[in-house]
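Kindly generate the complete structure, drawing on both the sequences and the hints.
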Amino acid sequence: MLNKIVLTVAALAIASATNAFAQDAAIGLDGARHLLGRAGFAATSSDIRAFAKLSRAEAADRLVKAAAAATSAIMPPPSWVNDKPPAPAKLQALSQPERQALQRVNVEHAFELREWWFREMLNTPSPLAEKMTLFWHNHFATSQQKVRFTPLVYRQNLLLRRNALGNFGTMLREMGRDPAMLVYLDGANSRKEQPNENFAREVMELFTLGEGHYSEKDIKEAARAFTGWSVDRETGEFMFRRAIHDYGNKTVLGKTGNFDGDQVFDVLLNKPEAAQFITRKLWKEFVSMTPDEREITKLAAMFRDSGYNIAKLMRTMLSSDAFYAPENRAALIKSPVEFVVGTMKTFEIETPNLRPFVLASALLGQNVFAPPNVKGWPGGEAWINTATLLGRKQLLDRLFRNEDRMDVAMRSVDAMAEQNGDVAPPGRDARMRRQMERQMGGIRWNLDKWAKDFGTGVPEMTRVILPMAPMTAVASADNPADIVRQLVVDPAYQLK
Amino acid sequence: MNRRKFLSAVGSLPLMGTINGVAWAAAPTTAASTPYNNLLVLIELKGANDGLNTVIPFTNPLYAQLRPRLAIARDQVLQLSEQEGLHPALQPLMPLWQNKELAVVQGVGYPNANLSHFRSIEIWDTASKSDEYLDAGWLARVFAQTPAPRQFAADGVVVGSSDMGPLSGLGVRTIALADTAQFLRNAKLAQSGTDERNAALKHILGVENEIVHAASKLNANRVFKTEFPRSAFGNQVRTAAQLVASNAGMATIRLTLSGFDTHAGQLGTQANLLKDLAEGTSALKAALTELNRWDSTLVMTYAEFGRRPKENQSGGTDHGTANAHFVTGGKVVGGIYGQAPQLNRLDGNGNLPFAVDFRSMYATVIDKWWGLNSDKILQGKFAPLDFVKT
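Heads up: the protein sequence lines correspond to chains A and B, in order. Add 26 to the 1-based position in the first sequence for the working numbering, that's all there is to it. Add 3 to the 1-based position in the second sequence for the working numbering, that's all there is to it.
Keep in mind that the hints were calculated from the coordinates and are not lab data. Any given hint could turn out to be false.
The calculated lysine to aspartate or glutamate pairs, modelled on DMTMM-like cross-linking and capped at a C-alpha distance of 20 angstroms, are [unchecked claim]: (1) B:Lys132 / A:Glu237; (2) B:Lys132 / A:Glu223; (3) B:Lys103 / B:Glu85; (4) A:Lys401 / B:Glu135; (5) A:Lys307 / A:Glu237; (6) B:Lys191 / A:Glu237; (7) B:Lys384 / B:Asp78; (8) A:Lys246 / B:Glu135; (9) B:Lys103 / B:Asp389; (10) A:Lys91 / A:Glu146; (11) A:Lys172 / A:Glu124; (12) A:Lys243 / B:Glu135; (13) B:Lys103 / B:Asp298; (14) B:Lys392 / B:Asp298; (15) A:Lys172 / B:Asp134; (16) A:Lys307 / B:Asp138; (17) A:Lys310 / B:Asp138; (18) B:Lys132 / B:Asp378; (19) B:Lys205 / A:Glu407; (20) A:Lys246 / A:Asp288; (21) A:Lys307 / A:Asp288; (22) A:Lys172 / B:Glu125; (23) A:Lys401 / B:Asp134; (24) A:Lys475 / A:Asp508; (25) B:Lys191 / A:Asp508; (26) B:Lys132 / A:Glu242.
Structure representation (structure tokens):
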């Protein structure tokens, strides 16, 4: 017995000594590649070299600080983002063709908004801020296809990026008043005579606690607290409609009071399950698809004690032993956005028109601002099936082929668009294809030059392109570009 | 739980699957014993076909009243019974009807219908309740419970779409292609291999292996006497026939005919689409008869919902609920099933009540066509219909 204890203590001492060493030591080139691949979309060789010298804490701190400071986008938004919604009376009076024309405008705006976001992802000084914004977009999944009036979707994106590394409680409270969310989950029309339970259900199941930690009764009661949280039809802003709010007593998760929505949020945030739920989801996004419940419980306690400080949680998570554990390296599948934006960034592909790339991501399964449902994209292994894997490979093949590269690549995207009619609403595809063809020119990219910059540095080039050694050993080639072509078709290219 | 991983990992050992927390033991069936020598061909009528102008209650006075512009004239209707008739563009289906191989199922829907395309097709694809979100498609659950033989090229093939629909999830072997020859060219980009470094890489390699495996079984060599319609859907039908001709083994093929979301100018658009559907279906029968597979094929249409009985201001119809669907095949008991549209019982949105839960259609496939048990897969008992000969 005593022996066992001594042994355990000794083992702990050794373990903590190793940890301390790992924490202080420089993360090295492979560590930097791993961190930048997860916290961003791609890592250039100069970024990798710069981060390699930092300790885990320094590296995480640098990324998180930059991301926490990046509370707004640097790229100019489309011109219509501050438009007012069409007046309800005017909407009522529209003829069917006018209605369809309006719908086309909304859909076109949604594509412009996607291009804006991709442009931001490509140009941002803080890729982590974009990754977090994307994470929260998936968490508070809201689709333009239901919201329709696209400026509301833009404003929700601002909310997400403003709070992406801020305070989760603040983000949740703002989300409860977010007009896009109020439309998407039917809160805007929820009145005391007939409370709509949609938002109340999802706020518990998907936004804070997770299934199994609340009852149907809790949902019904909470729904009453959110009645009257609505949208001003003239301005598209949040509006509290006193007359339809239920001022009576409600009992939610054992607490009773004449709660409004904010007080329900307080009740939810008070539950340890909320911190655990969010921490687990971030873990699965940034560390591993297999949650380590002991680590998550620890991190979640810290998250809750900090008053839901997301930056602090991310700093700790991104410098943890688990994050750098060998078994967690190159163990996550890139999402379509990461795959497309990452490829553009890695190979410095410049284009005046991002539409084809937005479409490629959509066709590969991730059309931002249009998650499949309120649960968001399932992600992980679900990103890859025979259709999407061949789609990814086809795109790479055309991009990296010798002849007429970009022209062919864009035709390939085009062919994919044609194959999959559901990206564009019915009747719109043809117009969009023509538009895309017109806008294809002007893409600048020189693979040969990109590859030659590495000289004979094949290991360095491999590190930039792949998160791990390729599955298939690279055959030597006279032309460095041929080595790149081998690396991008390796299955490891799908991983981060 | 991923079946494919088990297949490679444990060889012929029985394998376990977990769906919604229920664990099942399942072993791949053998080529001789598999229920999947009976092929299922699904045709998705994407955008939601207007059932009321497809199977027409031409004697019901409300029909003409609700559709002053869209009603099909009585003398145009292809009469099936005293009350019902088909849209004239469906003429190529009439030989199937006369041959008693065409089942018409009316009033197909589900409780608390959702009128969003995206959400409602998800409900159909996953066979979920209206307020329930399931991750896996209903066919994926079938194949997870009773896998197809390993030598099959795939459990299912999706033609002309990259959305796996009812075949998504649970690691079922599903191939998506538009054209067999093109798939075989693209498949060269896949590389088979094994690597145990982590689950994500294993999954990717599993999918690469699926592509390579399917490509090794498929070919596009068959020359048919049948003439296929010269349309995108006709090409899908040709591809489906090529797939069957490869003799590669597959339990199901899903085709998609798009463009049914006819909010405006429905008359011409729907007539063209129905013509396409009928000619394609007729060609499918001819080609599968050449291959001696018509008797072991069941063809079934589906869509996210039906359309509203009352026409709108633009000569179109808006999103509705209950719909009519077709089932055909050499073993189909032709006739009219379900319930004629209750035009006098529309709901507050002006939509039809449903009579046949769409999961009963699926139960018919699972229980009667494949001889399996649909209870767990559909999370409940849904009475099969009688359109399959037993």
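Worksheet item: Which earlier hints can't be squared with this structure?
Response: 6, 7, 21
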